[in-house]
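Taken in order, these protein sequences are the chains called L and W.
Just so we're aligned, residue 1 is where the first sequence starts under my numbering, counting upward by one.
Just so we're aligned, residue 1001 is where the second sequence starts under my numbering, counting upward by one.
Since the hints were made in silico from the structure, they are not lab data.
It is possible that part of the hints are untrue.
Claimed, not checked - Keeping only pairs whose Cα atoms sit at most 20 Å apart, straight-line, the calculated PhoX-like set for lysine-lysine is:
(1) W:K1211 - W:K1092
(2) W:K1226 - W:K1082
(3) W:K1092 - W:K1226
(4) W:K1211 - L:K54
(5) W:K1140 - W:K1226
(6) L:K57 - W:K1082
(7) W:K1092 - W:K1242
(8) W:K1092 - L:K59
(9) L:K87 - L:K151
(10) W:K1162 - L:K54
(11) W:K1226 - W:K1211
What the hints assert, rightly or not - Part of the chain L face toward chain W, derived, beta carbon under 7 Å:
(12) Q20
(13) P73
(14) S84
(15) T124
(16) L131
Glycine included, every Cβ here is placed at the ideal spot set by N, Cα and C.
Listed below are the residues making up each chain.
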Amino acid sequence: MRILAALIIVLALVIGIAPQFSNCDAHGHVLKITASPMASGGSTMGSTASSPVKIVKMKCLWTARSGIAVAVPLAIVGVLLFISRRKETRRALAIITAALGVVAILLPIWLIGTCVTSTMPCNTTMKPTILAAAFATIAVGVVALVVNELKSDTMDVAPPAT
Amino acid sequence: MRIRDLTGLAVRGIAGSPFRSWLIGVCAFLIAAFLVATVLVVHGAQDSLHGASERLGADVIVVPRGAEAQVEGALLMGTPTKATMPQGDVTKIAAVDGVAAASPQLYLESLIDAPCCSVSEMFMVAFDPATDFTIEPWLKQRVGGDLSLGQAVGGRYVFVPKGQENIALYGYFLSLRGNLEPTGTNLDRSLFVTFETAYDMARMSRTTAVKPLVIPPDAVSSVMVKVRPGADPQKVAVGIVKAVPDVNPIVSPEMFGAYRTQINGVLRSMLFVLGSITVLSLALMALVFSMAVHERRRQIGVLRALGASKGVVVQSFLTEAVILALAGGLVGVVVAAAGVYMFRALLVQTLGFPFLFPALGSLAALIAGGLALAMLFVALSAMVPALRISRQEPAESMRE
């Protein structure tokens, strides 16, 4: 169980730290939005653009930041699992681990997302790293749950009176 | 002895020595994972090159002499190329004996991260609708007509940015008419426009873009050649060189030769790693199984004394090996396939050649093959010690 707890802490570090260096903003990319010709009164095809440019942060930056929000509780769960000796507590911690893994998966694919261009650093490195770590987190959570159920718990039982 | 009893015996053997079981499982994991990853990467790259050749649809591609690698790099990886040849060469090539059609193409690049472009980077292929035989048939079949001024067709991953109605390049707005099938190459991120649109974009870009699009006058990047039915593409290529000495015709099977060499290099390296891992794993597994057999010789002696045949002893060890190989191998193939799938874009950038993930049917066959090989290797390593102990007399086994 301690090995699994250590694995959870490592995975939390991956989910929290790796995206900070692999998102598009960290690689110097920003989104430059030009207003469409329809919006600025121009024609649609074969026309030219002279619209104002708006620079905004890409959404993968917020996915990376929110990774920290998942990683911190995950790391705490890992530490608690490391020191916990009660079967019920470990069961709850294992379930929370798997749930946090699910949240980590949802961040880049549904809750916030990444950039649309498939060649951007967030799609080539950050998203697969988060997904791989998140799937591993779920697997570790499930294994911890199974191992916990299989193990006999001596701590819950009062020692026999002598 | 029934299968259930054999499995029960094997499971007890696995549970009885967890460290040994973990070692066997990890070996099976490594063999299956590396095998699947190697085949996936190399097969995916070859499939991608094949898809790109099909997409180009030409029997011969004529490029400026010395610019073969540049043109291939432009088509496959989107590496910009400035190599051009005179437009007059197209007429000379079309007149060569055996040539059914010759169509010029022009390779253009967008500005990187420029405010006048709605996409950060885009490779553009300009074609001549009057002579084209690569994009036009697809257009007529899927879009139902030719591209007009300001219209474009995109590769699989070309899209109109969210919140916008057109794709802006060099401050010029292009309407996307449709998307082509995926090839795994940069053609999937390329935009196909007519020469007319490309020249119009270049003309307008002088006033609308942060940097104008410069198209050298009377120049083309390559000429796609379709040979007449029955004509030999090699002979046509020789004819082209004679007619136009400053160009290099590349016959379809030899296309992307530099990339094929690169893929073969990666294949050799990966095969070396796979071979090393397999040999080391086999040796380690054989050692572990020998230890297991040695430790359990009394148990085996009792079994034999109670009437179990030599076959049952061998079968019990093989069942143990198969269970461990299945568990480790299954995790290995899933991790390898998922890893290659998730990191495929990074693989393309790192290895420097295109990649197309296989269809579900091929993937299932590959996974089954990887698993079967892992099981075979583990079973082989268990076979020798199991056979040795099964041949011992029960009394001898129990006495040792």
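Hints versus structure:
1. As the CA atoms of K1211 (chain W) and K1092 (chain W) are separated by approximately 34 Å, the hinted pair breaks the 20 Å bound.
2. Proposed proximity of K1226 (chain W) and K1082 (chain W) is contradicted: the alpha carbons are some 24 Å apart, above 20 Å.
3. Note on K1092 (chain W) and K1226 (chain W): the hinted pairing holds, with a Cα-Cα distance of about 14 Å set against a maximum of 20 Å.
4. With a C-alpha separation of about 19 Å, the suggested pair K1211 (chain W) and K54 (chain L) falls inside the 20 Å cut-off, and the hint holds.
5. At roughly 19 Å between alpha-carbon atoms, K1140 (chain W) and K1226 (chain W) fall within 20 Å of each other, so this suggested pair holds.
6. Proposed proximity of K57 (chain L) and K1082 (chain W) is contradicted: the alpha carbons are some 33 Å apart, above 20 Å.
7. A distance of roughly 10 Å separates the Cα atoms of K1092 (chain W) and K1242 (chain W); the hinted pair therefore holds under the 20 Å criterion.
8. Under the criterion of a C-alpha separation no larger than 20 Å, the hint pairing K1092 (chain W) with K59 (chain L) is inconsistent with the structure, at around 52 Å.
9. As the CA atoms of K87 (chain L) and K151 (chain L) are separated by approximately 9 Å, the hinted pair is consistent with the 20 Å bound.
10. A C-alpha spacing of about 14 Å is found between K1162 (chain W) and K54 (chain L), which places the hinted pair at or below 20 Å, so the restraint holds.
11. A threshold of 20 Å between alpha carbons decides the hint, and for K1226 (chain W) with K1211 (chain W) the separation of about 36 Å lies outside it, so the pair is violated.
12. For Q20 (chain L), the interface hint is violated, since its Cβ never comes within 7 Å of a Cβ in chain W; the closest pair sits about 17 Å apart.
13. Interface hint status for P73 (chain L): violated, as the beta-carbon distance to the closest one in chain W is roughly 24 Å, over 7 Å.
14. Because the beta carbon of S84 (chain L) sits about 23 Å from the nearest beta carbon in chain W, more than 7 Å, this interface hint is broken.
15. A distance limit of 7 Å between C-beta atoms decides the matter here; for T124 (chain L) the minimum to chain W is near 4 Å, and the interface restraint holds.
16. At about 6 Å, the closest approach between the beta carbon of L131 (chain L) and any beta carbon in chain W falls short of 7 Å, and the interface hint on this residue holds.
Violated hints, listed in ascending order, are 1, 2, 6, 8, 11, 12, 13, 14; each of the other numbered hints is respected by the structure.
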